[in-house]
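Here is how the chains run, residue by residue.
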Amino acid sequence: MTAVAQQSTILLLAGRNRRAKVTLSGLTALLLIVTVVAVCSGAVPIAPAQVTAILLQPLGIHVPWDFEAQQQTVVMGLRLPRIILGICVGAALAVAGATLQGLFRNPLADPALIGVSGGAALAAVGFIVLGQEIALAAPMLLRSYLLPVFAFCGGLIAVLLVYRIGTVNGRSLILTMLLAGIAINAICNAMMGFLIFVSDDQQLRDLTFWTMGSLSRNTWRLVLPVLPFLLIPLISLPFLARAMNAYVLGESEAGHLGYDIERLKKAAILLTTLAIGTAVALTGIIAFVGLVVPHLVRLLMGADHRYLFPGSILLGAALMLAADIISRTIVAPAELPIGVVTSCIGGPFFLWLLMNKRMLRAF
Amino acid sequence: MLTAAKLSYTIAGTRLLRDITLTVNPGEVLALIGPNGAGKSTFLKLLSGELRPTAGVITLEGEALKKWSKLDYARKRAVMPQSTVIAFPFTVFEVVLLGRSPHIRGFEDARDHAITLSAMRLTEVQELALRYYDTLSGGEKQRVQFARALTQIWGDEQISTRYLFLDEPVAGMDPAHQHAALKIAREFSRREVGVLVVLHDINLAAMYADRIAVFQGGNLYHYGTPDQVLTEPLIKEVFDLDVMLQRHPIRGCSVVIPSPSDIH
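Those sequence lines, one after another, are chains A and B. Each residue of the first sequence is one higher than the last, beginning at 1 in our numbering. Each residue of the second sequence is one higher than the last, beginning at 1 in our numbering.
Check before you lean on any hint, since a few could be wrong.
Said to hold, decoys possible - Quick list of in silico lysine to aspartate or glutamate cross-link-like pairs, EDC-like style, CA-CA up to 16 Å:
(1) LYS183/B - ASP227/B
(2) LYS266/A - GLU251/A
(3) LYS265/A - GLU251/A
(4) LYS70/B - ASP260/A
(5) LYS236/B - ASP262/B
(6) LYS70/B - ASP201/A
(7) LYS70/B - GLU251/A
(8) LYS66/B - GLU251/A
(9) LYS6/B - ASP19/B
(10) LYS67/B - ASP260/A
(11) LYS236/B - ASP210/B
Unchecked claim - From the derived model, a few chain A residues whose C-beta atoms are all more than 12 Å from chain B:
(12) VAL44
(13) GLY102
(14) PHE104
(15) ASN106
(16) LEU161
(17) ILE182
(18) ILE196
(19) TYR259
(20) ALA334
(21) PHE349
No wet-lab data here; the hints were simulated from the structure. For clarity, every value in this text was computed on a predicted model and none was experimentally measured. We put the beta carbon where it would ideally sit given N, CA and C, even for glycine.
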């Protein structure tokens, strides 16, 4: 290659990196805009200026925009916890999806597809219907943690089962894993159906929430204690990016590059299960976010996990908030389960993915 | 020096390798030949640290391989596997750059980019730099993986002796690139790199290897220079193939001409 050609290759590569950085900034801006829209829109409309005034008041800063006490209650008590929850859950699901796709070395892996969400939801539902004695026996302080812990364990059992079934002699059989995930989902759904059958009216209302997904049942009191369980994987998973890049080559190849593969797999499984289990415990099953977001990010800026992880976090949060805005405004004053909205967007996208040869070459 | 002493490997009651004692010396190309299932790839996996021997010891620079950290070993030794599938849209440049992983923390610098470009130039994949890896042909993929292995042991002031393991590197390459690849491997061996290469083409082994180890049924059947090892009776015995042995008119190395008697 001539010096000129080499120079141009370097320039092209630099352009790629710059594009990734610009895209990340764009996604950050998108998230900010969606957040502002989410705070302002709803049954009680509030202008952005009023929101600013409301948010600055606790800090002792007074700005000349008037707002009503009711608006303050809506923003601080209802919308903010909901938005923070939406951001964290969307980001966690998306980054968990990106990690699972890398771990299974398959672009079609999704928390809901491979059974993690199903396992977590089943454990949560089982806890609601059958676990009241445990809840009453536990100390008050720990009660709000019990449900996430159950959901986490359920998700972990499901993912370990899928992983064990799909791994023969240390080799991951991708198709087997996906099929095992589908089977586990079916089993979980059947058992949830049984639990719904034996549950009483109050429990029944709780249960639909789990199968459809919603950000609606959350207050600071419910959100804050479990938020760390979402933040831990959100902060830690991006640190696995370089190892995940090597892992894309294959397990033994990543080992040859000096990475401790067993540790990587364990960390990735535990952290994604923690993210998904906690997300399911807080909001129920919200499908397709973990599948669609990493794909969109790869289309925008390539498959390098060092960009994919932060990109998925930003876009996942933005998409979740957008879906939540739709879910609570489209049939206002009633509210659509957010899982319905994400599935409406994600389902067609998934079909497009299946029909798009480029994306499917991996199979 | 990378030495295997009485290595055995048994899985599920089947002994795949038995008492192999063999040394990979920096500065030379050691070719492993033998029929399918002779244990060549298994031996390479044991030396690369991918599999643990069930008996025997591997020593690297006088110390047991077990005591080397994965990262330290990765800085000295690169492995080119038989075939690599990548499920995500990684570009050729990104794949080759992954070879620098053991040498960098966080993000790579200009030197890593320069090494990557040089390695790609060497294996003639520079034109493919921005193509997606999964769109390449089999031979092109092999050349990309070869370049990746080369970037991993490109040369470093602190790390003098290095090792390059190639598992059937030329499978899928056209003849010109087969020779080009082995020439590169041989050039690297002259710069304190010990090259261990599994080959199926006996003629390539005869032309490029300094030593040949012949595997059969999990045993080291014969070991020596190409001239010592390659004989008509040995090839008949090990490969069950009738051949005639000739001299290369220019290179002087052995040339094996298969002469099966029953072609009609």
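Going down the list of hints, with the structure as the test:
no., hint, result
1, LYS183/B - ASP227/B, "19 Å, violated"
2, LYS266/A - GLU251/A, "13 Å, holds"
3, LYS265/A - GLU251/A, "10 Å, holds"
4, LYS70/B - ASP260/A, "7 Å, holds"
5, LYS236/B - ASP262/B, "15 Å, holds"
6, LYS70/B - ASP201/A, "57 Å, violated"
7, LYS70/B - GLU251/A, "14 Å, holds"
8, LYS66/B - GLU251/A, "19 Å, violated"
9, LYS6/B - ASP19/B, "4 Å, holds"
10, LYS67/B - ASP260/A, "15 Å, holds"
11, LYS236/B - ASP210/B, "22 Å, violated"
12, VAL44, "45 Å, holds"
13, GLY102, "8 Å, violated"
14, PHE104, "9 Å, violated"
15, ASN106, "6 Å, violated"
16, LEU161, "22 Å, holds"
17, ILE182, "19 Å, holds"
18, ILE196, "37 Å, holds"
19, TYR259, "7 Å, violated"
20, ALA334, "41 Å, holds"
21, PHE349, "17 Å, holds"
Violated hints for the displayed structure, listed by number in ascending order: 1, 6, 8, 11, 13, 14, 15 and 19.
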